[in-house]
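Participant: Residue numbers (my numbering), protein chains in the order written: chain B, 1 to 84; chain L, 1 to 111; chain D, 1 to 248.
Hint data in this document are derived by calculation from the structure and do not stem from the laboratory. These numbers come from a predicted model, not from an experiment. Any given hint might turn out to be false.
Claimed, not checked - Dumping the calculated EDC-like pairs for lysine to aspartate or glutamate here, alpha-carbon to alpha-carbon at most 16 angstroms:
hint	chain 1	residue 1	chain 2	residue 2
1	D	29	L	49
2	B	26	L	104
3	L	99	D	245
Now for the letters of each chain:
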Amino acid sequence: MELINYVEIVVGVLLIVLAFLAINSKSLIKAVMFLSSMSMMSVIGFVLMKAPDVAVTEAVIGSGLVTSLFVFTLLSVRKVGNKA
Amino acid sequence: MLQYAAIVLIMLGLYGILTQRNVIKIILSLNIMEIGLNLFIISVGYVTDGIAPIMTTNHNTNSLIYVDPLPQALVLTAIVIGVGTTALGLAIAKNIYSKYGTFELDEMEEE
Amino acid sequence: MKNFLALILTLFLGFLIMSSLNNNIAFPKFGEANIGDRVSDAYIDRDVTENPGDVIFGETDGLESGPANIVTAIVADYRSFDTLGEVTVLFVSALGVALLLGTKKQKRLEIDFHPNFMLRVGSKALFGVILMTGIYISIHGHLTPGGGFPGGSMIATSMLLLYLADDNFRAKVKGFKILESIAGSLYVLIGIIGLIIGGSFLVNILDTGVIGELFSAGIIPIVYVLIGLKVGSEISNVIDNFLTEEGA
């Protein structure tokens, strides 16, 4: 029982640190990567709070699809910037 | 304690929306706030030593102590709506870039 | 100065949340919620009347709502109308993305990255596995964790893999649009059939069967598979819109 408490504290601290890094990092692509890893941490949080349905959904959508949408936006923009 | 971490995440997301001057960063802060809210709503229904709300051969009656399933159902739909709003916001950001050539709000006003 | 104001506003919000959490009798502390007081108690007993009976996995039959996964019972049965509205919201946002990014003459976005042989073959092998996992999760939504929403997202993820593996790949977008409208219309049609036969919109008209078996829970697996197809085709459309640009 005590081990789960420690895991909870580690996950909570990591969530806050990753969110802070995502907001404050200068490079946009690094910020998106921090958001993705934060989403992975929140999956562990959902599993610790006994919500397997939400954990599966967040693992597929939060760290897969949303990250890819951000990356595609940045990629298309970088190409236009080269042309100009 | 995950509930307090969720509240701090909501505060961090609001701070990001208020201070950032980049369109992508604003959408990103909105996502952080959404993750914090989802964690908070799930934490409302958590019961210590509760069982995940799925009946299996090991947990086979309804008289056991289950975790509250209602917040989980609400969050399940909220996550999918979140990807829709994020995609719409990113589409608007892409159109902004094709018009002004930048994501920074301060540089747009100069043109 | 602006940052300082934002910091003060944020700290005020945090103080407000914390103080209202501590002084509220109706709001339990973390981990001390009492399910017996809440409406969820009726959902766990699968009976919203006054005197619920015992539910035993693999034996009880003819329940009000049949799935072993209680979250599915809420999403696709008790609050199915809510889910219909949610799917509509997703449809409207996909429509907005198509309106903003879709132009008449489109070509595939060129990425500075050409997949080699291993990546192409590996992606095509993984595509089938991920697609099958998505369909499996959609069909077994009433027994195991998952359901229509993650299943549909997995179908969209497998399409994304095909986009990454091939430079010139473009999905048959028209097919996805037809699939999406058929799935959405069937969902509403099932609701109207329930209204005619059972007396209220989206009511369960089929036999709920023995709890824990694959062919149980009445219309819930059908509705969840429809939700999975609709979500998958909508998100695939969004991905296609993000990966195309104006051009010949």
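Participant: State for each hint whether it applies.
Facilitator: Okay, the hints, checked on the actual structure:
no.: 1; hint: D/29 to L/49; verdict: holds (15 angstroms)
no.: 2; hint: B/26 to L/104; verdict: holds (12 angstroms)
no.: 3; hint: L/99 to D/245; verdict: holds (15 angstroms)
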